[in-house]
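Peer 1: Quick note on this note's numbering: the sequence shown kicks off at 19 and runs consecutively.
Every clue listed holds true.
Listed next, the in silico EDC-like pairs over lysine to aspartate or glutamate satisfying Cα-Cα at most 16 Å (straight line):
#1 Lys103 with Glu87
#2 Lys84 with Glu126
#3 Lys103 with Glu115
#4 Lys84 with Glu115
Think of the hints as simulated: they come from the structure by calculation, not from any bench. As the structure is a prediction and not an experimental result, all values here were calculated from the model.
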Amino acid sequence: MATKTIPRAGAKPARAPRPSAQPAAALQESELPGLPGLRTGDDVETRIYNTVYESVMTQRLTPGTKLPEASLCELFDVRRATVRKVLQALAHDHIVELRPNRGAIVAEPTPEETRQVFEARRALEGAIVRLATRHATAEDIASLRLQLAAEHDAMHRFTQPAWARLASAFHLRLAELSRNPVLQRYLMELVSRCSLIVALYEPPGKASCEHEEHERVVDLIAQGDAEGAAREMEAHLLALEHSITLQQERSDNNLARMLGMA
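All chains, full assembly: derive it from the sequences and hints.
Peer 2: As structure tokens, then:
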């Protein structure tokens with residue numbers, strides 16, 4: 019009877035053979051996944067929400083930037099009631115803060131809030147990775163490999179916000195493989211909040227998600243090592259959290275330019 023070799027503690031897992039297939043063609047930036055948290059629809063409220071959200075995520079709007087209702091009304095040619103409704107929705111999603119008698123500003127996550135968000139995400143993604151390891155088929159693994167190839171390509175050809183979207187898409191794809199829609203919904207919210215924190219505070223030019231760490235997670239899932247994959251994911255998210263510096267320069271005072279409308 020054949021014996022099974024058990025890797026020594028702390029050893030890096032052997033790389034599982036990768037399929038030779040590569041993406042048929044390099045992705046164009048317009049084909050990259052959308053930012054997690056963007057809303058669907060073509061009504062004016064959705065347009066205002068997505069404009070503010072995307073401007074925050076691409077660092078045109080930085081923490082503490084004022085969002086005067088009057089200016090937003092003028093830029094979008096809408097009434098104050100419409101702007102207030104959108105700002106309330108953005109506040110609900112932790113993108114802006116509404117201050118009594120002082121108006122709205124871009125959210126400024128505190129160190130404690132950042133710690134809590136990442137703590138919750140590590141716990142959630144540990145459960146997701148264990149379930150994904152249990153349920154993933156050979157076709158799922160091959161699909162993840164192709165997604166990693168696209169991610170690697172994007173890191174060398176696109177701007178930081180663009181390839182950061184692919185990094186987020188990788189985590190959300192693992193949530194799909196968990197076959198648990200409840201976990202998927204919770205992770206979507208946490209990824210959106212983490213994306214906000216990273217967009218606001220991560221130093222320019224630094225990878226928000228290290229590609230090699232994603233590869234190691236997939237290697238361990240392919241090997242059926244659920245606990246190893248969960249440990250690798252926890253280390254990956256801890257590294258991401260530790261890369262964040264909770265300081266940022268203020269934007270200039272031209273709201274139209276910061277919203278990409280000038």
